[in-house]
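Student: Take the given structure of chain S and dock chains E, C, H and W with the ligands to it, following the hints.
What follows is each chain in one-letter form.
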Amino acid sequence: ATPPTLAQERGGVINVAMIGELASLDPTVATGDLLGTVTQHFFETLFTFDKEWNVTPLLAEKLPEVSADGRVYTITLRKGVTFHDGSAMTAKDVVASLHRWLELAARGKLVQPNLAGLEAVDDHTVRLSLKEPFAPLAALLAFNNSAAIILPAGKMDNPLKEYVGTGPYMLKERKADQYIQLVRFDGYQAREGDPNGFGGARKQYLDEIRFVPVPDANTRVEGAIAGQYDYADLLPVEAYDRLNGQDKTEPLLLKSFGWPMFIMNNKQGMMTKLEMRKAVQAALNADDMLAAAFGKPEFYTVDGALYPEGYPWRTDAGTEAYNLGDPEKAKELVKAAGYDGKQPIRILTSRQYEFHYKMAQVAAEYLKAAGLAIELQVVDWATLVQRRADPALWDIFITHSPFLPDPALIAPLPATYPGWWDNPEKEKLLVALNAELDQNKRVALFTDLQKLLYDQAPLYKVGDFSALSAKSPKLKGYEASPWPYFWNAYLEK
Amino acid sequence: MTRYILQRLLGMLAVMFTVVTIVFIIVRIAPGDPAAVMLGPDATPADIAALRARLGLDQPLVVQYLFFLGQLIKGDLGQSIFLDMPVTRALAERAEPTFFLTLFSILIASAIALPVGILSAYKRGTLFDQAVTTFAMFAASIPSFWLGLVLIQVFAVRLGWFPVAGYGGPDASFLTRLSHLVLPAVALGVVSSALITRFTRASMLDVLNDDYVRTARSKGMGEFRVVMRHAFKNALIPVLTVIGLTAALLVSGAVVTETVFSLPGVGNLVVSAVLRRDYPVIQGALLVIAAIYVLINFGIDMLYILIDPRVRY
Amino acid sequence: MSQSPSPAGGDVLLSVRNLSKRFHTASGPVKAVEDVSFDVGRGRIVGIVGESGSGKTTAGRCILRLVEPSEGEAVFDGVDLFKLPERALRAYRRRMQIIFQDPYSSLNPRMRVGDIIGEAIDTHGLAKGAARQARIADLLTRVGLSPEHARRYPHEFSGGQRQRIGIARALAVEPELIVADEPVSALDVSVQAQVLNLIQELQKELGLTMLFISHDLTVVEYLCDDIVVLYLGRILEQGPSREVYANPRHPYTKALLSTAPIPDPTVRRERVILQGDIPSPLDPPSGCVFRTRCPFAIEACARAVPPHESVSPGHSVACIRQAELATPATQKVTA
Amino acid sequence: MAAVLSAPSPLTATLPEDVVLRAEDLHTHFIVGERAAKSVDGVTLTVRRGETLAVVGESGSGKSVTSLSIMRLLAHPGRIVAGKILYRMRDGTVVDLATLPEKRMRAIRGKEIAMIFQEPMTSLNPLYTVGDQIMEMIRLHEPLSRHEARRRARQMLELVEIPAAEKRLDQYPHEMSGGMRQRVMIALALSCNPALLIADEPTTALDVTIQAQILDLMRRLQRDIGMSILFITHNLGVVAEIAHEVAVMYAGRVVEQAPVEALFARPRHPYTKGLLACIPNPERDRAADGARLMLNPIPGNVPSVLNLPPGCTYAPRCPLVEPHCEGEAPGLVPAGPGHLSRCFRHELL
Amino acid sequence: MAAVSITPAPRLTTLMLQRKTLAIGLAVILAIALFALLAPLIAPYAPNKLSIVNRLKPPSGTYFFGTDEFGRDIFSRTIYAGRLSLTVGAAATVFACVIGITLGLAAGFFRRADAVIARIIDAMMAFPDILLAIALVAALGPSLTTVIVALGIVYAPRLARIVRASTLVIRELPYVEAARALGVPTWRIMTRHVLRNLVSPILVQATFIFAYAMLAEASLSFLGVGVSPEIPTWGTMIASGRQYVGQADWMTIFPGVAIILSVLSLQLVGDGLRDLLDPRLRKDL
Ligand SMILES: Nc1ncnc2c1ncn2[C@@H]1O[C@H](COP(=O)(O)OP(=O)(O)OP(=O)(O)O)[C@@H](O)[C@H]1O
Ligand SMILES: Nc1ncnc2c1ncn2[C@@H]1O[C@H](COP(=O)(O)OP(=O)(O)OP(=O)(O)O)[C@@H](O)[C@H]1O
Ligand SMILES: [Mg+2]
Ligand SMILES: [Mg+2]
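Just so you know, the protein sequences line up as chains S, E, C, H and W, in that order.
Numbered according to the numbering used here, the first sequence spans residues 1243 to 1735.
Numbered according to the numbering used here, the second sequence spans residues 709 to 1021.
Numbered according to the numbering used here, the third sequence spans residues 36 to 370.
Numbered according to the numbering used here, the fourth sequence spans residues 105 to 453.
Numbered according to the numbering used here, the fifth sequence spans residues 1131 to 1415.
Just chain S, with the same shape it has in the complex (with noise of 0.2 Å):
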């Protein structure tokens, strides 16, 4: 659905009003939609998602040819494309790349104990061997946080040194706090064809697109109904009626983004005991805390499945744990876990995702029904990133992801993901479900998966939510996502 050649005008420069800083601008080494966001537009990935949410190439010349047994991987590199800093990427690169992937990304680190070998056939073939058969690889490949990035062999330092990519965009300037400044890459071979998704041709209209981190969200909607943004992200679903009608502003909902979760902290504290956590799990409720979270039904689903509708994975199983707000019930399960109603559970949460903050408001209030002292700590999100990594820190942390194509990918899963849900069944379900290829079974090991979920309520899934952001009516061919791009969007003169 390409609009008409004419419309689509070169050049122009637009202000994207992201969430908040970023720590670091490497994809490989730290997780987060929104580091994924930016750098999705100067650090490219193999292969990546279109549309429909399937793995498509994008730096590979396409899909990888699986060997039968699911073991051996062979990636055909596309020719001429070349870095931003004019060296031309060969397997030679792809290979260094892929190594650092495994040691340093969150991601990777799962891939890594079941690598067999990983080198270049030629200079555009790469090839990488399993010991034993991983379904979702090609799904982490694309992704593009925690990202198994493409850089220049000689240029991987960690932290890295020079930010040089293959995307359509070059970092050019980076102020902290201030803006990221990206600028088209003259150099850039899009793919064949029209884009799909995060797939297919990426065209670059635009001259420039700067990440402005705007961590108000009240001033990301003021910002962008006074035409200062170009497009704002995330922001709060209050705010629709009054982007709605506006001239330099159009409100622009993206339904069934993501699902919120509490974290509980399996690691150390209170939340280890079963009964805390059945009790957390018995004691909310998710439709206060989605209504005041995302306030009008239309931008939410009170909905327990890890998928929604629509979705291969969609399961009601274990889902009559979720949403029964019963204080009295929580109550008996806090008292058989033996806690003293002093011992403060601590919840971690930011203000950055504002939704977050609110459905904290909400769940400590239900939470202290059943007798737990809540303690709210509240901070920003770079810094709730780095103290949720200590289990010494937190008992219950709030964060949210998309629906994501492949279950392996739900981030919460491993036990290397903080919150350390680790169980020998649930490893047993979860190396099951990587090693299937066959995608029935896959289905019946998810469903028995979500289904261990509830039993063990290692986490709280809180429901379905849909996603505002505002975007100017110039800006043309953009595509909602979660991870806002724009390649492919221009401004209308």
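It cannot be assumed that every hint is accurate.
[To be verified] If we take Cβ atoms under 8 Å as the criterion, some of the chain E residues that face chain W in the derived model are:
#: 1; residue: Val735
#: 2; residue: Ser849
#: 3; residue: Pro851
#: 4; residue: Ser960
#: 5; residue: Leu994
#: 6; residue: Ala998
[Claimed, not checked] Cross-link-like lysine-lysine pairs, in silico, BS3-like; alpha carbons within 27 Å at most:
#: 7; chain 1: W; residue 1: Lys1179; chain 2: S; residue 2: Lys1538
#: 8; chain 1: W; residue 1: Lys1150; chain 2: E; residue 2: Lys831
#: 9; chain 1: S; residue 1: Lys1538; chain 2: W; residue 2: Lys1187
#: 10; chain 1: S; residue 1: Lys1397; chain 2: S; residue 2: Lys1334
#: 11; chain 1: W; residue 1: Lys1179; chain 2: S; residue 2: Lys1571
No lab work stands behind these hints, which were simulated from the structure alone.
Yeah, the Cβ is synthetic: ideal placement off N, Cα and C, and Gly gets one too.
Tutor: Relative to chain S, chains E, C, H and W with the ligands alone:
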């Protein structure tokens, strides 16, 4: 005069030294190991031990203090934890908006406060005077962040006269950047004009009762000249002090205002640093801002030389 | 070395010897009082006169140890006050008191008159309860106020009345010596006379000894038995007041007496109008401190501080030319 | 309320040729809230050409307010509420200063009537050189260039016997002593050659020896220049030295005006008499054996201007008081050649 | 010179009521304090009572000031927030007074202490108030108590400076000298003669510090570096209402007005007291 300058200079250095000491103490009263706090929870014990050694935290307090002084003299304020750059650079990069914001606020505040204060003192007891006094007190009661919110709503969102937030992009011209400062400067300026107005009024009242003002009148001089030439110039001396003080206080207002207007200035940096537990940045900002305050005061002391012959002597 | 004469009468209550006081200020040491020696006979009123800044107040405060003297001694009833430790001094505080010039700032505005006087009584544990009240009432009556005034605050009184309260406070501890620092200078003439009368009555009645500081020569002449003339911290002339007034020997004393305005248009005096201003005590002239304004100064005056020479019993002068200049200053001419 | 301004000619007729200034029944009040401080409550006084009128009175008797009323420089709540201040300008016309428009008043201040104040330390602006301050005055009233004004300023400093006048012009007030500043004030006041100089306690803050210098200077200047002086003081000694005529004030009123010798020889008001008796006088106050005699103070205190007694304000303290003194206020009546007294019983004195 | 007199206690109350602004200021701040004190009786709802269905309701008969995003009653919260805001302000002021008076008196009386204290006062004043408070809170760890302590420390030097300056003046006054001449012990001179005469300037200054401390607390809370955001103070209320500006303005307007009213009335009181008690400025009236 040299004596005066020397005296002030020594005084300034003494205060500076105490400021440094206080900052040193503030950082030490933070509970827990400063190195651990500085490095954040991700740090390994080895990292922490290394930093402790680098900062000399394993040394006795006196040695630590001397080390801290030594680093300062070298102009080293440490390394930001979050921003991955030296604190000095982080501060320098953010100096411009804060500097101009402060400057404009002071100009706005003075432009309002001086004439109004003078007139209100001159017409003391009248309705005008009462109105001014009440208004000044009212203005001083408005939280600057609240006023900022109101100004954004009215002038940026509804009327669209000024940008809502930020400090312009990479190629923003100086003028564009300044246009970002108008609303915050007004928000700060109005609030601080209250203080200056009241002070100008009080100072003028003092001076207007002085004998030499009566002498000037007894010469047959017109009122305007009496007030401007004989009263205002004399009243200016304490007023200048307050303007200087306000300039420094504005930095504190800037902390709030910059946050409201998302201005990438020192104030914003401090708030983010607190939220990110970036202690070296907090420490550095405290030091630099206090130093600026001390310098401004010193500058005003030096200005006195121009205005007041008594100190020249 | 200055040789100070004893006052006529012999019984010396206070003997000040070589008192010096230097204040250390930002612009250098101020020589407020330099090498001052004089005696105060029991029951006598000694006047200290001098222009502003001559060190009158400082001398008085030093004697009472309200500022620490730099040098010298003050022998009070046989004991050198300057050598007493703070503790021992407290016993002597009872025996010496001070009255101030400013009737407004010398009374604590937040205290009732009764408490102001009562504090003096309490500090030395002189009376309690009813006896204390009676004593306050008595003191108030004695200074010409009424006992009901004890309940009032200082601001409810006029300047003269306040001065009376100050006097009552000083008298409350039954002192032997009172240093009165310009007690009437701030008062209107009509009230000044009332207070002067009161001081005299009390002095007679209680046998008080007084150091009366003033710059009003007429008042000093009227009230004082002896007079000490200070200039830039030094004594230039001292002696029994009738003697000094009748026969001033120092050019400064002469000038002072000749220029003091007399409320009688028929008196025409030969005036000695001094040129210039008093030099700064930061940097006083060498030798005789008065020489820069003295019409009779010669070179020798700059060389050494002139010694005190006795010119008649109890009357001494610090001027090397006093003998050649001896002429009476005041001549009455009827217009 | 203020008197209606009459045409100049009838005013001229009311003022004898030798009189420069005549205040007639002047009332100046300070109105604070509902209360009026009657600081000047019927002052009548006369300054003759080329003479010095000393106004003497105790603190608060209204001397300064009288002089400020004449200059129309009253501080905020102060207002002339009644009375006339007739002034003969150098060109012979007589004006009523009480009602003169401010603009014309400005031309009179400094040029016709100049004033010096009690506090030499604070009466000069510390931020300008004395030369600037004198030149400012000169150029305000005369069309002189800076250079000419400076020359005149120097001459004025020389006139008041300031040594090294040229250098002093460029000095600031704080670099001078009190006596020197008072000389500068006099130079400033005389720099436009005023016909009348009002001096409000110009020597009170000074030491006796300096006071003598200044009095001497003023006396000589008056003789040489021939201006009239209204000299305010509370010191009867100073009055005796400088005045031709004396007006005695008490509680906002002039109670007696007379030539100086007459007043001291035979005061015709009990207050004046009381004042003179208060001042220690060695001859009078010593018994034959040298023992001190008591002084004769005036009993009681000066009444508050907020609450003046009805009738004669001196009645509560007066030894001659009669019942009717407390009911009716006496007028200022002749009591001898050139002698006026505000007492019903002045003949008894 | 004649205006040295200081009004004694008995007439003070009458005089205070005579001054319109002072009386108004006093009435308003007392009313606010009363509301805060009686919050449980007055507030129609519990301050933290969620009622998601009633979220973001505009002011009405049921919700006088409307509701917030959790359906909590802004009116009740404003009243309860007043408790905390006033407590923080008052406690910080008391704390500042205790430190400030002690330091100021010590500096004014003991030369040797003065050298150090005066220096510290100057240096402390070099830090902008909010910035210093932020740093202190950051160092001590954010909590209600630390905010109070931090603000107390921030404002203590202002008071100390005034107390020190006045002490230096008063200790040279003749009536203190008279007490010394009588042999009155130093500590009694400090309390009876000096401190007692400092009551008015301290009272005036304390009133202003109270006002500033409340503003500062609001700023800290607004920035999210002070009182924890779920504790309702006026500052935290504005902070959370901020994103509803233009949509649910009542969330920011009412707490904002509450701050302005309290600070204004405190300033009116301070100003009025100064007029009343400070003889030097009194002559202007
Ligand atoms: N505390 C002080 N510090 C510095 N200098 C002082 C101090 N007290 C007095 N002096 C100086 O000492 C000198 C003598 O002062 P003192 O007050 O004794 O004079 P005085 O004769 O009482 O004058 P006055 O008539 O004005 O009361 C003056 O030059 C004065 O400036
Ligand atoms: N600005 C004013 N407001 C109110 N009352 C005033 C004002 N100025 C003067 N007064 C009152 O007017 C009365 C006369 O004051 P004035 O200054 O004329 O006295 P004075 O005779 O000059 O006394 P002094 O010898 O003390 O200078 C005093 O009682 C004084 O309180
Ligand atoms: Mg003295
Ligand atoms: Mg006067």
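Student: Against this structure, judge whether each hint is valid.
Tutor: Hints versus structure:
1. Val735: Val735 (chain E) check passes; min Cβ-Cβ to chain W is 7 Å, inside 8 Å.
2. Ser849: For Ser849 (chain E), the interface hint holds, since the closest Cβ of chain W sits about 4 Å away, which is under 8 Å.
3. Pro851: 5 Å, holds
4. Ser960: 3 Å, holds
5. Leu994: At 5 Å from the nearest chain W Cβ, Leu994 (chain E) passes the 8 Å test, so the hint holds.
6. Ala998: 4 Å, holds
7. W:Lys1179 with S:Lys1538: Status holds; Cα separation ~20 Å.
8. W:Lys1150 with E:Lys831: 20 Å, holds
9. S:Lys1538 with W:Lys1187: 13 Å, holds
10. S:Lys1397 with S:Lys1334: Roughly 12 Å between the alpha carbons, so the hint for Lys1397 (chain S) and Lys1334 (chain S) holds.
11. W:Lys1179 with S:Lys1571: 21 Å, holds
Violated hints for the displayed structure: none, as all numbered hints are satisfied.
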